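Novice: If you're matching them up, the sequences are chains A and B in order.
Number 156 in full-length UniProt numbering belongs to position 156 of the first sequence; there are no gaps in the numbering.
Number 20 in full-length UniProt numbering belongs to position 20 of the second sequence; there are no gaps in the numbering.
One or more hints might be untrue.
What the hints assert, rightly or not - Keeping only pairs whose Cα atoms sit at most 16 Å apart, straight-line, the calculated EDC-like set for lysine to aspartate or glutamate is: (1) Lys18(B) - Glu34(B); (2) Lys18(B) - Glu381(A); (3) Lys18(B) - Asp180(A); (4) Lys414(A) - Asp180(A).
Hint data in this document are derived by calculation from the structure and do not stem from the laboratory.
Treat the numbers as computed from the prediction; the structure is a model and nothing was measured.
For reference, the chains in residue letters:
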Amino acid sequence: MSVETASPAPAQPAGADNRIVVDGAVLTWRDLPELTLPEPVAALAHSARYALAAARHHAVHGTELLLSTASRVDAVLREELRAAGFAVAELGPGTAGDGATPGARAAEPGRLWLLTSGSTGRPKRVGHTLESLTTVRGEQPARTWLCPYAPGTYAWWQVVTLSLTQPGQNLVVVEPDQLDDWPALAAEHGVDAASGTPTFWRRALHRDPAGLARVPLRQLTLGGEPVDQTILDRLREVFPTARISWIYASSEVGAAIVVHDGRAGFPVQWLDRAAPGRPTIGVRDGELVITSPYHGAGLDGPVRTGDRAQLVDDRVLITGRLDADEINVGGSKVSAGVVRDVLTANPQVAWARVTGRRAPLLGHMVVAEVVPIGAGTVLDEATLVRWCADQLPEYAVPRRIRVLTEIPVKETLKSDV
Amino acid sequence: MKELSRAQIRDLMGEVLKNQGKALPADDAADLREVGFRSLDFSELALRVEDATGEELNFDAPGLRRIATVGDVLDFLVELQRQ
Numbered sequence: 001m002s003v004e005t006a007s008p009a010p011a012q013p014a015g016a017d018n019r020i021v022v023d024g025a026v027l028t029w030r031d032l033p034e035l036t037l038p039e040p041v042a043a044l045a046h047s048a049r050y051a052l053a054a055a056r057h058h059a060v061h062g063t064e065l066l067l068s069t070a071s072r073v074d075a076v077l078r079e080e081l082r083a084a085g086f087a088v089a090e091l092g093p094g095t096a097g098d099g100a101t102p103g104a105r106a107a108e109p110g111r112l113w114l115l116t117s118g119s120t121g122r123p124k125r126v127g128h129t130l131e132s133l134t135t136v137r138g139e140q141p142a143r144t145w146l147c148p149y150a151p152g153t154y155a156w157w158q159v160v161t162l163s164l165t166q167p168g169q170n171l172v173v174v175e176p177d178q179l180d181d182w183p184a185l186a187a188e189h190g191v192d193a194a195s196g197t198p199t200f201w202r203r204a205l206h207r208d209p210a211g212l213a214r215v216p217l218r219q220l221t222l223g224g225e226p227v228d229q230t231i232l233d234r235l236r237e238v239f240p241t242a243r244i245s246w247i248y249a250s251s252e253v254g255a256a257i258v259v260h261d262g263r264a265g266f267p268v269q270w271l272d273r274a275a276p277g278r279p280t281i282g283v284r285d286g287e288l289v290i291t292s293p294y295h296g297a298g299l300d301g302p303v304r305t306g307d308r309a310q311l312v313d314d315r316v317l318i319t320g321r322l323d324a325d326e327i328n329v330g331g332s333k334v335s336a337g338v339v340r341d342v343l344t345a346n347p348q349v350a351w352a353r354v355t356g357r358r359a360p361l362l363g364h365m366v367v368a369e370v371v372p373i374g375a376g377t378v379l380d381e382a383t384l385v386r387w388c389a390d391q392l393p394e395y396a397v398p399r400r401i402r403v404l405t406e407i408p409v410k411e412t413l414k415s416d417v
Numbered sequence: 001m002k003e004l005s006r007a008q009i010r011d012l013m014g015e016v017l018k019n020q021g022k023a024l025p026a027d028d029a030a031d032l033r034e035v036g037f038r039s040l041d042f043s044e045l046a047l048r049v050e051d052a053t054g055e056e057l058n059f060d061a062p063g064l065r066r067i068a069t070v071g072d073v074l075d076f077l078v079e080l081q082r083q
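So here's chain B without its partners, still in its complex pose (with noise of 0.2 Å):
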């Protein structure tokens, strides 16, 4: 299964934010509502890294959790793709 690497995922989070009008931030601890990052726009993010790998995240293996930064976004991202 083909991986997407954690850069790999942050560039493709900044494509999703510029197809809003809205930039990503450098630094991984910016808070998502700060940047404007929301449902929408997380759910096109995961469709976007399942495109790229060509497989279907799972995404009730690993369970809630807080999603509160750029940050907690790209690890849920990353993790996700080892389930």
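Pulled out of the complex, with its shape left as it was, chain A reads as follows (with noise of 0.2 Å):
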């Protein structure tokens, strides 16, 4: 006699059960859409929705996976991805993936792959798992996170894999259209933590502090741009009993600065300092240089990150880009990140962008885009000028300093500043 069996459902990850919050409906990881993916594939997903989904098919399948927005790819980076074997596939509402062609090459099972923006400004892949990129270990408290993230960036996959593998971490996701107004979904929904950059915190201080005032967090976390001083005051004023920290991180080395004391910078013990499974931190010739476990594939040893990284006092700051950060008046080197913490430093001041500009004589000079902390808020380029000759060298003074009336933002939730 024979005994059919039928095949086991494929295991569910540990957070199947956990509450999601998208696009206006409340569900769990088992509600969003069954996808059919071939593989190797490069899911482009037009809402977040789908992108969630094809990350709990990842999961689920192990899947090697490719995964941005669809908006991020453009034709000359499909064909790209074509060129490498991928499939590329369309997901959202009617599309959801089954239609693609099939990849032209094998897949690697459990690959993920990230797109970041490499230095030629054309995005470039940066291989991970599930594994590496799941860097929030051990039991956590239960919460709910907000997040505003661009599906399938580094900063993404760290929410999406803390909900997909911890029992207890819900999520409410903000669409790019609700970015403006997030605090009030993230009051209505009892979000009680959240990540996102200095621009993006800054953002929702300038448009309604009283609402976001409103939103219980007890977790705050920044990341993905230079934190300083002032952001983190602000913050703790608003939330005086949360945790606030900051979060080095970024694709290619994987979180490898985490501080909770309130502080901008790490301290400076910290540095060169090896323990097993922990990321080492080094300072060489100005730049923050990485070595960590939850590195991308290829990416094991010292890693120069290309971030500026200067000792003041007991601390180690992370001002900006090595190679925008520092900006040569006649001969005089000016970090744009220490005068743009100089500007947002100011009570008056919600955010501050610091460049070099070409000028004769010199070569280049310092110059400054402002916005106000409230739109009655008159801020006055001359007050701003003499602010800036009390705290720094002549050379440093920003001279022409624009005031625009919205904080810009990009996709990434970031000012490039």
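Since each chain sits alone in its own frame, please combine them into the complex, following the hints.
Specialist: Below is the structure:
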């Protein structure tokens, strides 16, 4: 006698029953659309719901996956992905991956690809796995996390893997058209933990501080851009009892630095301290160098991050990208990040960007753009110049300061400061 | 191309100096060292001219020259707009 047994259903991830709020609907990971994906696949999501569905599909099936928003991948990049053997699948209502042509090579099981902005401006692929992207381990307090990031980015995967792999970690997804008013959405759904760039937080403080204060946040995380003391202090005023952390993470080296003491930078004692399973952080010629167990494929060993690190008293401050941070004013070197921190420390300034501008005699001059804290605040260029002159050497003082009405932001939630 | 007059450039020069807590004398022959108008101020003035006209100035065009007085600065920038 023979007994027919049905194939067992594939194992669902540990967080499958966590609550997800996406596109106005409250559901769980189990309720997301079922996808039929070829391998290897570059999945271009047209909505957050389908991006989450692709992440769950990977967690269940181990499909080799590169996930991105459709808007980030232009025609040239699509061709590059096809040439690299990927099937390109559009994911959205009515197109759940089933019509895509199979990939042109054998899949690498478990591989996840991230698109990261390369130094040439063209996105490049960095290889990871769900394991290497899951950096929060151990039992965590139950939280409802805000996810404001664009699908497929390193920061998005950080929040998504947390909810996928840990019971009790719910997710409230912010769609791009909800970015300006996310505090209302977050308050409605009881978000008590949120991660965003300093620009993301500055915009929230700038637009509606009272609305932000209504979100019952117990954990605030900042990352993706230099984190200065002023933004930490302003968030502390609104959330006096919450834990406020900043994190240094990238597609290349993973989450490498996490600081919870409410101060900008990290203690100098952390430099060159080797410990099993933990990243080693160093500064070489003013550049942050990281050796991390969470690195992307092929990036083991010390990785030069391209970020500028400065030792100030007992802290190491990360001030910005090396190629953009240094401004040469007539032979004197100015850190744009240091000038930016001076400007944002002014109580009337909500946001600032500092750049070098071509100028006669000196080669470059320091110039700035600022956004005042409120619509009624009048910022006077001469007053700000004097504010900077009191704290900076003469050559570092921005002489042209343009006042903007809104904090500019890109899909990455960064301002490219 | 919009071009600033000598008088308009003079007004901008006055603003640059005022922001530094200094005053622009009425006499074009005034010595820049005595006025306290230095490289940073000259560069700022050039950027202000660029912002006002919406055109980038080509500083390589006229070659080097001696700029010692207020009048020299004004003449130089008037000429530079025409390069």
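Novice: Verify the proposed pairing of Lys18(B) with Glu381(A), using a straight-line Cα cut of 16 Å.
Specialist: holds, 12 Å
Novice: With the threshold set at 16 Å, check whether the alpha-carbon distance from Lys414(A) to Asp180(A) stays at or below it.
Specialist: holds, 14 Å
Novice: Hint check: Lys18(B) vs Asp180(A), CA-CA at most 16 Å. Holds or violated?
Specialist: Since the Cα atoms of Lys18(B) and Asp180(A) sit roughly 39 Å apart, the hinted pair is violated (cutoff 16 Å).
Novice: Are the Cα atoms of Lys18(B) and Glu34(B) separated by 16 Å or less?
Specialist: holds, 15 Å
Violated hints amount to a single one, hint 3; each of the other numbered hints is respected by the structure.
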